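Chemist: Sequences are here, hints too, so could you generate the full structure?
In order, the protein sequences belong to chains X and B. According to the numbering used here, numbering within the first sequence proceeds without interruption in unit steps and concludes at 175. According to the numbering used here, numbering within the second sequence proceeds without interruption in unit steps and concludes at 350.
Just so you know, the hints here were simulated from the structure itself, not pulled from any lab data. Quantities reported herein were computed from a predicted structural model and do not represent experimental measurements. Careful, some of the hints might be misleading.
Some chain B residues close to chain X (C-beta under 8 Å, calculated; not the full set) [unchecked claim]: (1) G297; (2) D298; (3) L301; (4) V302.
Cross-link-like lysine to any residue pairs, in silico, SDA-like; alpha carbons within 20 Å at most [what the hints assert, rightly or not]: (5) K177/B - N107/X; (6) K100/X - E279/B; (7) K177/B - K253/B; (8) K177/B - K3/X; (9) K275/B - N107/X; (10) K213/B - E335/B; (11) K172/X - W105/X; (12) K275/B - W105/X; (13) K300/B - F95/X; (14) K219/B - P328/B; (15) K3/X - W280/B; (16) K322/B - Y259/B; (17) K275/B - Y259/B; (18) K322/B - M340/B; (19) K100/X - K253/B; (20) K300/B - G62/X; (21) K275/B - E60/X; (22) K300/B - D123/X; (23) K147/X - S114/X; (24) K347/B - E279/B; (25) K100/X - Y259/B.
Stretch by stretch, here's where chain B covers chain X in the computed footprint (C-beta under 8 Å, at least three residues) [to be verified]: (26) 13-21; (27) 24-33; (28) 93-106.
Each residue gets a CB set at the ideal place from its N, CA and C atoms; glycine is no exception.
Each chain is listed here by its residues.
There are 2 protein chains.
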Amino acid sequence: MKKRIIVDMDEVMADVLGAMELWYKERYAAPIDYDRMKEGSLVKGFPEEVQPIMRQRLFEPGFFRHLPVMANSQEVLKAINDKYELFIVSAATEFPNSLKDKMEWLNDHFPFISWRQLVLCGDKKLVTGDVMIDDHGRNLVHFPGEKWLYHAPHNVLVTEYERVMDWEEIGKRLL
Amino acid sequence: MKKRIIVDMDEVMADVLGAMELWYKERYAAPIDYDRMKEGSLVKGFPEEVQPIMRQRLFEPGFFRHLPVMANSQEVLKAINDKYELFIVSAATEFPNSLKDKMEWLNDHFPFISWRQLVLCGDKKLVTGDVMIDDHGRNLVHFPGEKWLYHAPHNVLVTEYERVMDWEEIGKRLL
Chain X
1 MKKRIIVDMD EVMADVLGAM ELWYKERYAA PIDYDRMKEG SLVKGFPEEV QPIMRQRLFE
61 PGFFRHLPVM ANSQEVLKAI NDKYELFIVS AATEFPNSLK DKMEWLNDHF PFISWRQLVL
121 CGDKKLVTGD VMIDDHGRNL VHFPGEKWLY HAPHNVLVTE YERVMDWEEI GKRLL
Chain B
176 MKKRIIVDMD EVMADVLGAM ELWYKERYAA PIDYDRMKEG SLVKGFPEEV QPIMRQRLFE
236 PGFFRHLPVM ANSQEVLKAI NDKYELFIVS AATEFPNSLK DKMEWLNDHF PFISWRQLVL
296 CGDKKLVTGD VMIDDHGRNL VHFPGEKWLY HAPHNVLVTE YERVMDWEEI GKRLL
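Modeler: Right under this line is the structure:
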């Protein structure tokens, strides 16, 4: 039986921070404080007065539709999809407008992944599999299989999980 | 620890057949053939020339937004939500326009169920829990806990699972 690999979307397949940086730099001059993201949130790296606007953007139609794709994720996930049972599991129901955006984004950039392989949820605790790749400890904590923390500026202080740096490393380990 | 109860939406909480019947009866005179639904599909009960139209309606925005609620499901699920860990798991990603509709429908009729408790997916095989209530054997087959088949005209010939007839019976068993 094929091993089941569970992959997160935001900050693993989709470059949420990249989109935030682009949007911010077009509008503001103050530097981004990557050190403050260590407190557990990407938004914390931006000036206090901008943070509510950035949080609000997550609820707006279109935000998740136009995210850049993480480097090498397409080729590596294509090969993973051929070899394993792949599911994409995204904590998305907090943002009702993200649901269709996320499906369309996935169809555009990962056309080899079908609607059968997508899970949009609020809590990942009821998902099972052999390997979970996610940038949040709160999503990994209940998972019964191997827990791989995908490196991001907001999780650099998290030490409970095996860390993977990028898709090149994931490819080397799984393929 | 609270037992985890997994509940399906369509034909368990939401009366899909009821909505189909209403729509059909307003437009056509030929009787509905409930016997043909035994082949495994509600749509089969309608005349052949109407079936593609009914299937197409599932893909249109609004169909899942305006479904009637199954009798007694609100009161019983309110009490289940107080006593157990409840998740609503709906096979929805085949119908991208259903995603937001389903969330809004749930908020309207079951306001005590939060976005954290909702899972919209393509395949339920990666979901775990203690009891799953679903009208399709294909959703129950991989579930590791108790599998309860919610009675519907399309599943009357299915004998592999424990059958529950309605929410009154579910309430009696769980509360």
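Chemist: With reference to the structure, classify each hint as holding or not holding.
Modeler: Status of each hint after checking the structure:
1. Interface hint at G297/B: satisfied, since its Cβ lies 4 Å from the closest Cβ of chain X, which is below the 8 Å cut-off.
2. Taking 8 Å as the C-beta cut-off, the interface hint given for D298/B holds, the closest approach to chain X being about 5 Å.
3. Evaluation of the L301/B hint against chain X yields a held restraint, the C-beta minimum of about 5 Å falling below 8 Å.
4. Restraint check, V302/B versus chain X: the minimum CB separation of about 5 Å is within 8 Å; hint holds.
5. For the hint pairing K177/B with N107/X, the CA-to-CA distance comes to about 38 Å; that exceeds 20 Å, so the pair is violated.
6. Taken as a hint, the K100/X and E279/B pair is honoured in the structure, with Cα atoms around 14 Å apart against an allowance of 20 Å.
7. For the hint pairing K177/B with K253/B, the CA-to-CA distance comes to about 15 Å; that is within 20 Å, so the pair holds.
8. A distance of roughly 29 Å separates the Cα atoms of K177/B and K3/X; the hinted pair therefore is violated under the 20 Å criterion.
9. Restraint check for K275/B and N107/X: the C-alpha separation of about 18 Å stays at or below 20 Å, so the hint holds.
10. Between K213/B and E335/B, the direct Cα distance comes to roughly 15 Å. Compliance with the 20 Å bound is thereby established for this hinted pair.
11. A hinted pair counts as satisfied when its Cα atoms are at most 20 Å apart, and K172/X with W105/X does not qualify at roughly 26 Å.
12. Between K275/B and W105/X the alpha-carbon distance is near 16 Å, which keeps this suggested pair within the 20 Å criterion.
13. Simply put, K300/B and F95/X have alpha-carbon atoms about 24 Å apart, too far for the 20 Å limit, and the pair is violated.
14. For the suggested pair K219/B and P328/B, the alpha carbons sit about 11 Å apart, so the restraint of at most 20 Å is met.
15. Restraint check for K3/X and W280/B: the C-alpha separation of about 36 Å exceeds 20 Å, so the hint is violated.
16. Of the pairs offered as hints, the one joining K322/B and Y259/B holds, with about 16 Å between alpha carbons and a cut-off of 20 Å not exceeded.
17. Annotation: proposed proximity of K275/B to Y259/B is violated, straight-line Cα distance about 26 Å (limit 20 Å).
18. Restraint check: the Cα-Cα separation between K322/B and M340/B comes to about 14 Å, which is no more than 20 Å; the hinted pair holds.
19. A C-alpha spacing of about 28 Å is found between K100/X and K253/B, which places the hinted pair above 20 Å, so the restraint is violated.
20. For the hint linking K300/B to G62/X, the alpha-carbon distance of about 30 Å lies beyond 20 Å, and the restraint is violated.
21. About 13 Å separates the Cα atoms of K275/B and E60/X, which keeps this hinted pair within 20 Å; it holds.
22. A threshold of 20 Å between alpha carbons decides the hint, and for K300/B with D123/X the separation of about 16 Å falls inside it, so the pair holds.
23. This hinted pair does not check out: K147/X and S114/X have alpha carbons roughly 24 Å apart, beyond 20 Å.
24. The suggested pairing of K347/B with E279/B is violated, with an alpha-carbon distance near 29 Å, which exceeds 20 Å.
25. Under the criterion of a C-alpha separation no larger than 20 Å, the hint pairing K100/X with Y259/B is inconsistent with the structure, at around 30 Å.
26. By the rule of at least three residues with a Cβ nearer than 8 Å to a Cβ of chain B, the coverage given for the stretch 13-21 of chain X is violated, with 0 such residues.
27. Counting residues of the stretch 24-33 of chain X whose beta carbon lies closer than 8 Å to any beta carbon of chain B gives 0, which falls short of the minimum of three for the stated coverage.
28. Counting residues of the stretch 93-106 of chain X whose CB lies closer than 8 Å to any CB of chain B gives 8, which reaches the minimum of 3, so the coverage claim holds.
Of the numbered hints stated above, those contradicted by the structure are hints 5, 8, 11, 13, 15, 17, 19, 20, 23, 24, 25, 26 and 27, listed in ascending order.
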